[in-house]
Structure formats: C-alpha cells, structure tokens
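In order, the protein sequences belong to chains D and X.
Residues in the first sequence are numbered from 1 upward in steps of one, following this note's numbering.
Residues in the second sequence are numbered from 333 upward in steps of one, following this note's numbering.
A portion of the hints provided could be inaccurate.
As the list claims (entries may be wrong) - As a list, the in silico DSS-like pairs of lysine-lysine whose alpha-carbon atoms are at most 27 Å apart:
1. D/Lys208 to X/Lys653
2. D/Lys208 to D/Lys194
3. X/Lys653 to D/Lys194
4. X/Lys644 to D/Lys208
As the list claims (entries may be wrong) - Residues of chain D placed beyond 10 Å of chain X at every Cβ, according to the derived structure:
5. Arg37
6. Gly177
7. Thr225
8. Arg229
9. Arg289
10. Pro292
11. Thr297
12. Leu313
Derived by calculation from the structure, the hints in this document are not laboratory data.
Quick reminder that beta carbons are idealized off the backbone N, C-alpha and C, glycines included.
Chain by chain, the residues:
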Amino acid sequence: MAQDPAKPCLSLDASPDTLPGTERPREPQEVAARLRRRKLESLRQRIRRIERSVGTELEGSAFRPPVYDDSPGKTPGAEEQAPAKIVVPGLTWHLGIAEVDGLLGPEGLEIGGVHEIKPALQEQGTDWAATWATAFIFSLTLAIRRCAMTDGRARRPILCCRPAAMANEFGSLYGPGLRALGLDPKRLIIVETKTATDTLWAIEEGLKSRGLALVLGALQEVELTPARRLALAASAYRVPCVLLTHPRTETMAAIATRWRVGPLPSAPHPFDPHAPSALRFTVDLERCRARPLSAETASFSLEWCDEALCFRLAPGVADRADAARESGSGAG
Amino acid sequence: MRRANPEAVPDDRPFALVEAGSHGIVIAAANAQARAEGIRPGQSLADARAIYPGLLTRKIERRKDRAALFALARWSGRYGPARNVEGENGFWIDITGVAHLFGGERQLMADLVSRLRAFGLTVRAGLADSIAAAAALARFARLGTEGFAIAPAGHMREALRDLPVEALGLADETILLLKRLGLRRIGQLYDLPRPALARRFRSLAPGRRKVKNSTELAGAVLARLDAALASAPEARHALPETRRAIVRRIFSEPLISSEGIESAVADLAASLCRMLDQAGRGARRVRLCFYRVDGTVAEVRAGTSRPCREPKHLLQLLAPKLPEIDAGFGVDVLTLEATALELLDPLQGRLSAGLEEWTEADTAQLIDRVSNRLGAERVLRLVPYESHIPERAEVRIPALMAKDPLEKRGAERSKVSRLSAALLRPPLLLAIPERAEVRIPALMAKDPLEKRGAERSKVSRLSAALLRPPLLLAIPEPITVLAEVPEGAPARFTWRRVTHTVVKAEGPERIEPEWWRMLGPLARPPGPRDYYRIEDDRGGRYWVFREGLYDRDPEAGPPVWYMHGLFG
Numbered sequence: 001m002a003q004d005p006a007k008p009c010l011s012l013d014a015s016p017d018t019l020p021g022t023e024r025p026r027e028p029q030e031v032a033a034r035l036r037r038r039k040l041e042s043l044r045q046r047i048r049r050i051e052r053s054v055g056t057e058l059e060g061s062a063f064r065p066p067v068y069d070d071s072p073g074k075t076p077g078a079e080e081q082a083p084a085k086i087v088v089p090g091l092t093w094h095l096g097i098a099e100v101d102g103l104l105g106p107e108g109l110e111i112g113g114v115h116e117i118k119p120a121l122q123e124q125g126t127d128w129a130a131t132w133a134t135a136f137i138f139s140l141t142l143a144i145r146r147c148a149m150t151d152g153r154a155r156r157p158i159l160c161c162r163p164a165a166m167a168n169e170f171g172s173l174y175g176p177g178l179r180a181l182g183l184d185p186k187r188l189i190i191v192e193t194k195t196a197t198d199t200l201w202a203i204e205e206g207l208k209s210r211g212l213a214l215v216l217g218a219l220q221e222v223e224l225t226p227a228r229r230l231a232l233a234a235s236a237y238r239v240p241c242v243l244l245t246h247p248r249t250e251t252m253a254a255i256a257t258r259w260r261v262g263p264l265p266s267a268p269h270p271f272d273p274h275a276p277s278a279l280r281f282t283v284d285l286e287r288c289r290a291r292p293l294s295a296e297t298a299s300f301s302l303e304w305c306d307e308a309l310c311f312r313l314a315p316g317v318a319d320r321a322d323a324a325r326e327s328g329s330g331a332g
Numbered sequence: 333m334r335r336a337n338p339e340a341v342p343d344d345r346p347f348a349l350v351e352a353g354s355h356g357i358v359i360a361a362a363n364a365q366a367r368a369e370g371i372r373p374g375q376s377l378a379d380a381r382a383i384y385p386g387l388l389t390r391k392i393e394r395r396k397d398r399a400a401l402f403a404l405a406r407w408s409g410r411y412g413p414a415r416n417v418e419g420e421n422g423f424w425i426d427i428t429g430v431a432h433l434f435g436g437e438r439q440l441m442a443d444l445v446s447r448l449r450a451f452g453l454t455v456r457a458g459l460a461d462s463i464a465a466a467a468a469l470a471r472f473a474r475l476g477t478e479g480f481a482i483a484p485a486g487h488m489r490e491a492l493r494d495l496p497v498e499a500l501g502l503a504d505e506t507i508l509l510l511k512r513l514g515l516r517r518i519g520q521l522y523d524l525p526r527p528a529l530a531r532r533f534r535s536l537a538p539g540r541r542k543v544k545n546s547t548e549l550a551g552a553v554l555a556r557l558d559a560a561l562a563s564a565p566e567a568r569h570a571l572p573e574t575r576r577a578i579v580r581r582i583f584s585e586p587l588i589s590s591e592g593i594e595s596a597v598a599d600l601a602a603s604l605c606r607m608l609d610q611a612g613r614g615a616r617r618v619r620l621c622f623y624r625v626d627g628t629v630a631e632v633r634a635g636t637s638r639p640c641r642e643p644k645h646l647l648q649l650l651a652p653k654l655p656e657i658d659a660g661f662g663v664d665v666l667t668l669e670a671t672a673l674e675l676l677d678p679l680q681g682r683l684s685a686g687l688e689e690w691t692e693a694d695t696a697q698l699i700d701r702v703s704n705r706l707g708a709e710r711v712l713r714l715v716p717y718e719s720h721i722p723e724r725a726e727v728r729i730p731a732l733m734a735k736d737p738l739e740k741r742g743a744e745r746s747k748v749s750r751l752s753a754a755l756l757r758p759p760l761l762l763a764i765p766e767r768a769e770v771r772i773p774a775l776m777a778k779d780p781l782e783k784r785g786a787e788r789s790k791v792s793r794l795s796a797a798l799l800r801p802p803l804l805l806a807i808p809e810p811i812t813v814l815a816e817v818p819e820g821a822p823a824r825f826t827w828r829r830v831t832h833t834v835v836k837a838e839g840p841e842r843i844e845p846e847w848w849r850m851l852g853p854l855a856r857p858p859g860p861r862d863y864y865r866i867e868d869d870r871g872g873r874y875w876v877f878r879e880g881l882y883d884r885d886p887e888a889g890p891p892v893w894y895m896h897g898l899f900g
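All chains, please: the whole structure from these sequences, using the hints.
Here it is, written out as structure tokens:
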C-alpha cells in the first residue's frame, strides 16, 4: 500500500495540462476558498475513515491518505484543480461525468465499500423485470467502470452472485450481450445459489479472496448484520461490492453509496428514427458517504456510451439535466 | 462396444461404422438392425447402401475404441486384480479366489454382465479354466438371455468340443488349412495324433519351401489347443496397476471426536501433498474415506480448478464437509486419495506476498471454495459456442472444469479481435452497440481455449454488428401480441401480465434454425426467427422474436411471439 499515495500525484505532475476540466482560477480569494474547502474535505475523509475502522484492525494498514492532500511543493497546476472537476483517468472509480463525480468526493466511488443499487419504485401494474434489468445493467456498467481503472486489481475477474431463482426470472448473463455492453464475459465468474444465505456467503467469500476486481451481488434484502459484515470485508480487503436489492425492502446499513436506478426512453437514433439508441438510466444518488446525511437526493439522467465505456449526461432531457448540474455544482 | 457417444447412434435404425479401406469406404461394424438387413462388416459402403439406402453411418474411431476398452478393463478390477485387454473387442479377468465374494461364479458373472449392460454395451461373457477357453466360450458359445457361459472346472474338453476351430484364436491361414482337412470343430482335434497334424498341413501346402512353415502352423494349433484345455500354462500379462496417490492412517482406537478427525485429516493432507510433491503432480480431485468400526464407509470429495498440492488449501476444501460426516461408533481407518492428478511443476514462491500481489491461484482458490460448498454446477463461466442460435451461442460450464480464460494468451487475442471489430464495423452502425460474438465449441473440445483463435476472430468479425442483450431468458417466454403489424415488430404486447406499448423497434434480424441438427425425425421443426429490439414507452428495452412466417406454411399455424432477452 506504500506506493499508493505517490501514484496519483506523479501522474498529475506528468500531465497537468491534459486533465479534463482544467481551469485557472482568477482571484486569490477564490484559491484560498478552494484550499480551505479541500482541507475540510480531507478532514471529513479522515473522520469517515476513523468511523469506519472501528472494530477492524486491518483498516489501519489499508489506510490510504486522500489523493489531493494539501502538501506544499506540488505543481501549481495540480494544486489549483477544483475537487469537483478533477477526474484522474484510471486511478479513481467514477462514472466519468464531472457533475456526478463531484458529489462522490475526490476519490470517486469508494473501492473498499459496499454500493447499494435499488431499482426505481414503480407504480402498481408496471413491469418489474425491465426495471430490475435496468438496475442490474447499471451495476454492470459500474463494474465496467471499475475495470477501466488502471490499478493492478482492475484486471482481475469479477464475481457475480445471485440466487438461481432471480437468474431464472430476470434472465441469465449472456456473453455476447455483455460484450456489446463493454464487459468481457471471460472475466465473469457466475455463482447461482440455492438460497439467499448462500449468496451472502459467496459474496463475503469473494470479498475476502484477493483475486477479484469487484463483487456483484443481487438479493431481495440484506439484513443489518450481514450488511455490516460485507462492509467490513470490503473495506478490510479493499474489494468493492455492488449489491442490487429489492426496491421495496429496507435499505442496507453501512453502505458507501446508494443509487436508485430506473429505465428512461432513449434518444432518437441518429440514423433510424424508429430504432432505440444508447441505453439511458434515471439515476438518483440517495446516499453517499462523501455528502452529509441531510443532503437531498441528486437526480440525473445518464446515458451509457458503450464505445467510450463511460456515462454522459443524457442530452435532450433538459430540465433533469439542469437540475443535476445545479445540484452537482452546489455540492462541489 | 464401439459406442462412445450413445446419442449419435440410433438404436432403432440400421447404423454402421465405416472406415477407409484400400478400395473405398468399407463397413467396419454394423448394429443388429443393419445386420438384419444383410449388411456385414467388410462390405463396401456402396454395396451396403445398395442393400439399404437409408443406412446411417459414422466414421469409426479405432483409437478411441481402444482407449475405451482399456478403460473398461481397468474398471473391471472389482472382479479380480489381474486383467487385460484380449483381442480387438474383449478383455479377460482372472477371478481366481474372487468368486466367493460375490456368492459364487454364476452370481459373479451375472453381476458383471448386468453392470456392463447397464453401460449400454452388448455383452458376451465366458468363464473357464483358461483364458483361451473363456475367450472361445465368450465369442463362440451359444449363450442364453443371461449373456454368459460357464464351463465347469476341469471339464474343458467337453465344454469346447462343439465350438468351431475359429474359437482357438488362430490366424486365418491356419483356419483355412484346418478346414481343408475337414477339421471344423475343436473336438475333432482332440484325438488327432499330434505329429500327424504337421504332416497333413505339409501335404496341403503347395511348395517344398512351406515345410518349415507348416510345422510352425501345426505347432501353433497344438499350443493354442493346450492352452485352451489348460493342459499347458499360458503366460498373459496383466495390466500394470496404476499407481494411486493414496495415504492412509489406521487408528488403534477408533476416532469419534470431530477434533480428532480434523487433526488426522490435516495430517493426511500434509502427507498426501508430500507424496504429490515428490511425484511432481498436483491433485484435481481428492476423496477422503472414513472406514467406520461397523464396516460402513463414508466419503467426502473435493475438487480443485487447477492442480494443487497445498495441504492448507486441501484442508480448507475438506474441512467444511467434515461436520456432515457421522462418525457412528468411531472411525478405524482414514484414507485420502488424489483421484485425478495433473502435472504440476514446482513454483517459485513470491518474495513479497503483499495485498496487491495476485496470481491466478488466488482466483482458483476462491472458485474451489465456492464450488465445493455450493456445488460445482453453481459456479459457472461463460464459454462461447459456435452457433448462431442465440441461446446456443454460449454454454455455461462449471468454473472448476474451465481453464482460466484470463490467461495471457486469451487476453491478447480478445484485444486483437476487439480491435478488428472496431476497424471493420461499417460506419453506419457506429452509434449502435456492437460486438456480439458467436464462438467456439466448449463441451466437444477438451480444452476450450486451445485451437480456435483464428476461427473465433473470424466469426466475431462477421457478427461484429449483431446486437445481443446482456440478460437472456434461458427459455424464451411466449408473449401475447395485442396489436400486430404484419412483417414488423408488435405495436403492443403483454408479457407477464403487463401490457407494453412499443415506441421504438429495430429489426428484423432473421435467424434460421440449424438444419444440420434436424436430421432425425422431429415432431415440429422450428421455424425461422425474426428478432426485434424494441423499446416501450417507459424506456424498457426488450429482445423479442417471432417464430414462423406469415402465410408461408398453413400447417404450421400462425407465428408465435416470444420474449427472449432484456437490454435494460
């Protein structure tokens, strides 16, 4: 773990100008305000770490200082980055949109954390399967984003655990389709269990093994104690866990983020007005450790780009996108 | 005996195995129906087809047959330790001192025959004082429905008297000579003065040069006869015993406590791994047997996805299963055997085994643990299969069986194929997600990643523009189409009792059934499928298809719509 803090800084030194969203601040007060904000942010992170490390001895060793620490003597280009805008390709796990990533804090999605994904609530009489599938595919895209990172673990396999009944109901993972989405099916190890207890066991076992990039699980509900166990395992072994749970069950405890995901009609196809085009999601970020508990849910309309393997804000849904931008800049 | 693949061989129709002969293709073997039609091994295929035009044939695979025969001979060790393959299609077992374990010779033979029949084999068995006599009985005696003949001990002459001389297993040339002399039954040879045979052979042989030869031939006849009558000993080599990697502990006091058993298992695992280390092997399957005091045996099995000789890992796999074992009145003997071995060269240990270090062994250990607890069929990897039918384009094989697909070779190759896919995609399709892939056989090929790099990239390039959903229903579910558009996607449909209004649709992509798989008689051959990618008013994306065509075949009925996958 010793080399970790150095890595991001090095890459920043090397290419300060090529970073996306590079902006020169104009006023010295503004610089001071940003520095203060960043200091606050790093302190908040430390508090979060301390909170999380209660009960885990391993957490101490896995401690990773904030990436953008206020140490003097850095290149000014790197120093003056606004945290909301900084996206270091490959070193953080993020969605690839400044507006959303700004809410997640400088480190993006937490590597050693549990991320809960819930399908959007639907009114009675609508189709569950599509919503489930959308949420599941959103979690797959998060996995793809994880694989796009350049750390050593991103190249490892992905474990996908579901009760077999769920696979039968919502369809089993299909290699050619995954490939079209951007995920190499060869990386997948699929576990289809008889019971939910077995699924939880397999997820935990996966988190504890050193050989995985990410563990993806789908369950009806995760009780308090198993949720805590998973969170501890994820943070101790620094393997991220993405969990899809039923929309109407209790939300999980001890999670890093919670997303609520639903389908969204796609944009008109550029060449064929009758054909569906790129996948779109409505994504609500309900909870995030980087944000205060009182922060309200941030909503976005996202579009998955299967060629760049990243998200972008869905254009054309003007009001939602604007709202997202406002809330994004407000938190950053 | 030649049926390695029972599904490929119809039982109810004339069927023959063929091979290339010097004058074209000849029949190598034929089933009972084919023989009833007059088809004989040795006939040319053209003649056989003239007799029965609908004859199904397959190429004979002698090597595999041979291997299967050896495997069968090895299996038969339960009836006697000394056994080996005999001739082209038989094997012998020395059951000296074994019969009483089965309750007598007759019971033993009945057991053997019924077990072999359960394998789907046609069995003829013989039991006699000598191997040659037993083989003669098995091949030439008249057998009842029970399928075996037993010659009473010490009465070989009577038992073999009526069998044809071919039963002695002589060369064709010798048999021809014997027949010319009018010696057709083995019994006729009994009373013949021994030197007379050579003289008679000589009288038949055309030239003087054959004098020596005919003496030899006569000698062979007499030797075979002596061997069959058990009057002269016959040396036969038994199959060498395969060395088993097995360790055992015998306890003077039966073990009852679970702690005792666990520590004993740890001890066994350590010594098994030492043994494997010396042999340069790793275990793929291990079996732990508990021999209880009351004579019963319990066993625990575990498998690994790559050869392993780490006692710690073996113990991890076995330990969760130990509590299920009922020690009963105690365990006398514990054995741990590696039932499947693979070469495993010694590996150099890592100097810095930190958290960031990773080898495939880590993943393999996870697969082992999960597979052994939940069952190997529940931990799967996706392996593409060469078929354009969507549900057949991929097979799910247990991760324990699969070779690690993330090995370097594979990763490089997929990079190349992705590049080529990106380059060759027609520009019009740029906005469409691509790279559906239809690839390689996995169950057929022993090694799913070995041969077909070239093929795979070819197919993937072809199908680069195909669209497939990430979630596929294992069985397509029928949907009710409310508003049908002829030759187009449905405007409204009901699936799982929810009505969807289709806003956008793309298609059709026509997928024809694989005619080469429909050669046998089928109740209803599947029609072509027209796939559509549709989106409903709420943004749900589905993959539906229509099976059958409008107005094409009135007998097949109207086309049926199915839901097959979800795009999210």
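Against the structure, the hints:
no., hint, verdict
1, D/Lys208 to X/Lys653, "holds, 20 Å"
2, D/Lys208 to D/Lys194, "holds, 21 Å"
3, X/Lys653 to D/Lys194, "holds, 18 Å"
4, X/Lys644 to D/Lys208, "holds, 16 Å"
5, Arg37, "holds, 32 Å"
6, Gly177, "violated, 4 Å"
7, Thr225, "holds, 20 Å"
8, Arg229, "holds, 17 Å"
9, Arg289, "holds, 22 Å"
10, Pro292, "holds, 32 Å"
11, Thr297, "holds, 20 Å"
12, Leu313, "holds, 16 Å"
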